[in-house]
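The primary structure of each chain is shown beneath.
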Amino acid sequence: MKRLTVSKTVIAGFLLLPLLLLTVILFRPDQAVSAIENRTLTTKDNLDTDILGGDFQNSLEQYLCDQFPLRGRIKQAETEGKLLLGVRESGGAYIGRDFRLFQKLPASEIDRAACQKYARKVNRLSEKTGLPLYVMYVPSSGIALADLLPQGAPMYHYEDLYAALSAQLPAAEIIDLLPVLSGQKDCYFATDHHWTTLGAYCAYQAWCEAHGIQPSVSESDLTPVTHSFQGTLYSRVPSGRIPCDTICALPPDMGLTVEADGREIDLYDPAALKTKDKYNYFQGGNHGTVTVTNPHAASDKTLLLLKDSFANSLLPFLAKDYHKIVMLDERYTFWQPSELAEVIGADEIAVVREIISVP
Amino acid sequence: MVFSSAVFLLAFLPIVLSVYYMIPVRLKNPMLLLASLIFYAWGEPVYVLIMLFSTVFDYGNGLMLEHLDRTGQPHWRKWVLALSVAVNLGLLGFFKYTDFLLGSLNALFGTGFAPLRLPLPIGISFYTFQTLSYTIDVYRREIPAQRRLVDFGMYVCLFPQLIAGPIVRYRDIASQIGVREIGADKACAGIFRFVQGLAKKVLLANSFGALWDEISAQDGERAALTAFLGAAAYMLQIYFDFSGYSDMAIGIGKMLGFDFPENFNYPYESRSVTEFWRRWHISLGTWFREYLYIPLGGSRRGFARQIRNLLIVWLLTGLWHGAGWQFAVWGLYFFALLVLEKRFLLRRLERLPAAVSHIYTLLAVLLSWVIFACDDLGNAWRYLLSLFGANGLANAASWYYFRAHALPLLIGAFLSVSAVKTLWRRFLYRRPVENHAFAVKTCVAAALYVVSLLAVINGGYNPFLYFRF
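Top line first, the protein sequences correspond to chains A and B.
Everything in the first sequence is counted per our numbering, starting at 1 for the first residue and increasing by one.
Everything in the second sequence is counted per our numbering, starting at 1001 for the first residue and increasing by one.
If you're looking for bench data, these hints aren't it; they were derived computationally from the structure.
Below, in silico cross-link-like pairs of lysine-lysine (DSBU-like), each with a Cα-Cα straight-line distance of 30 Å or less: (1) 276/A / 82/A; (2) 1421/B / 82/A; (3) 1441/B / 8/A; (4) 185/A / 274/A; (5) 1421/B / 8/A; (6) 1441/B / 82/A; (7) 1186/B / 1441/B; (8) 1028/B / 8/A; (9) 185/A / 82/A; (10) 1186/B / 1028/B; (11) 274/A / 44/A; (12) 1186/B / 8/A.
Stretch-level coverage of chain B by chain A, calculated; a stretch enters the list once three of its residues show a Cβ under 8 Å from a Cβ in chain A: (13) 1008-1019; (14) 1038-1051; (15) 1180-1192; (16) 1212-1218.
To give an idea of the chain A side of the interface with chain B (calculated C-beta under 7 Å), a few residues: (17) 4; (18) 14; (19) 65.
Glycine residues also receive a C-beta, built at the ideal position from the N, C-alpha and C atoms.
Make the full structure from the sequences, and use the hints.
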């Protein structure tokens, strides 16, 4: 008889625990964003309604997971457990020496054909317009800081990719950034896949060298704006053991006008420092086009800069030397580089992007 | 709906069970039918109609077969059976094999048939085999036809085994459909079994699967050691995933009062491929033996006929797992091994030390999973080449994978054999634990349940492997 009561208790527990959790999820006010994971959560209001297509079912599943009590803590606990067990990767990030995080990019994840196709496209643009083309491919942090990766952690072959892309770019002057950034710990964030402002500054030096000019600013001009940056990789490996990053910037520059998609902005967006994604400090994030005009620049040239988010922190340096820079992020606009080059009357074209990224 | 989802664990299962326990007996079967339809329609809101059609169609066929017997027209019975088989297999064939057939024709003759690109109704291979077993058994007069449509519908659509097996033959649970014992002890045992399966799927299979996915996506740089680790990971993934699903099905069955047949019996400790297939997906092997191999004549009409029968059975077993040439090759691979074993290998294996026959079986099965798991034959071939050292024996990445995954793989291997059960029992039923065995079991189950639930909530890799079945 006693045994039967015990069995009934087990059954009651098995039925009531999930139902209790379900009640909490359904009746507690929904959380709209997860700061730790750096993403918006599914709430009751944005459930999909298409039942026959199955979207409602999927969004309800996502809703239950997203609004599960203490979700952020669970995620953190999972990561702490992994770190304790000596696991060297989690959620697509490698956990390297000194708990530095690297984006996990084995060769199988790289769309080499698309990279080559884009290189061909840019090269054609230069040949057609006769404008000089400068290409700066940024090596991923796991390439430049390979020594800090977990030993043997698979990454794509930078040299192969670099050679393959160079072969598509006979018209371009390619500025090799690997020698500049290789082994430079301070040139990449520990919790984000981007380079630091110092990394961008090193690239700027190489840029100046290729153009035969003197850098307009020096390394000592960089000043920290925040010491509590936890980047996109941190969101995948949230843990108290991962140190925070510092973001540096040049002092604000008077006299520049900056426009993003027709709206006036600033080179820096201090409001972003109060949010999770502090890399948005640079121009408030990515825009389709960003136009910077500098009436005090030594040259009167116009640069068309084809880029991904890496270029955002490089832009303040380049802005010193060009009368006008139009930065184009093809992911966010319908502008074609060739059209834009004509409209703005570009004198030079540059490509600045992580070597593996394609628009 | 799949078992390893928040909707199932937090809402569907506890609500269905609570209602099921509270309502009177006569309402339990209709309620289960309704719940099962919701379960299926959750993932297949349109294709649920096909399942309903199959249900009503085979219900009618069963009644018709009996009616013909009663009215003295038995010669018509075989036509009813033929119609049932043709329609059931026709539906299965249409949804599952049309594109495969068109693709193969296009490749062979250079024709240009456009593929239909119909998504495969989940579980269609499982429930089609279940309804076929019913009609055939009624035809053979081994069981009486089910007169209540609701009861028959409940059998066909019963959600625990609906989408990933085991294939429960009607006769296996015919007696339980009307009357079954629903008790607290049995339900409790069912909960333990369910939690065991859930943990196998969510904690073990999914993590091994992520490793396989990563390694199989590499190509040129995959050294032999890496390839071996990847194949071993898949071998453990498919076992823990599939047997985990069966555990969950059997466990839920017990909570509802059913006793489903076992589907896995520690296959990886077999000493021959023949033995492996007696321990792996037992309900499928049984089905093919009962409804195909034996009707074809089995081994009774000489060796040549037996070979032919085996060839048919294994080709179809392969294709049952998916419409693609790699599955056909996978089936034929087993056919070849089984014939060799029948001819002479089995006798020799028995005389060899156990270690040798274990290693032989494990390697044979490992290779088969590579063919099975790759998207197509080309990929499978390249994977096999890399496994045999075409890209070198080991490189830096191999050692990275080795350091990170060798121990988890070893633990997984240990958990996949019966020794772990023996040790667990020895621990439970000895002093001082003995008197608290139930409490210990409950605590372990509760911990596994919570951790598995959190793993589901946390998201991450959680594939459904049987969408091609």
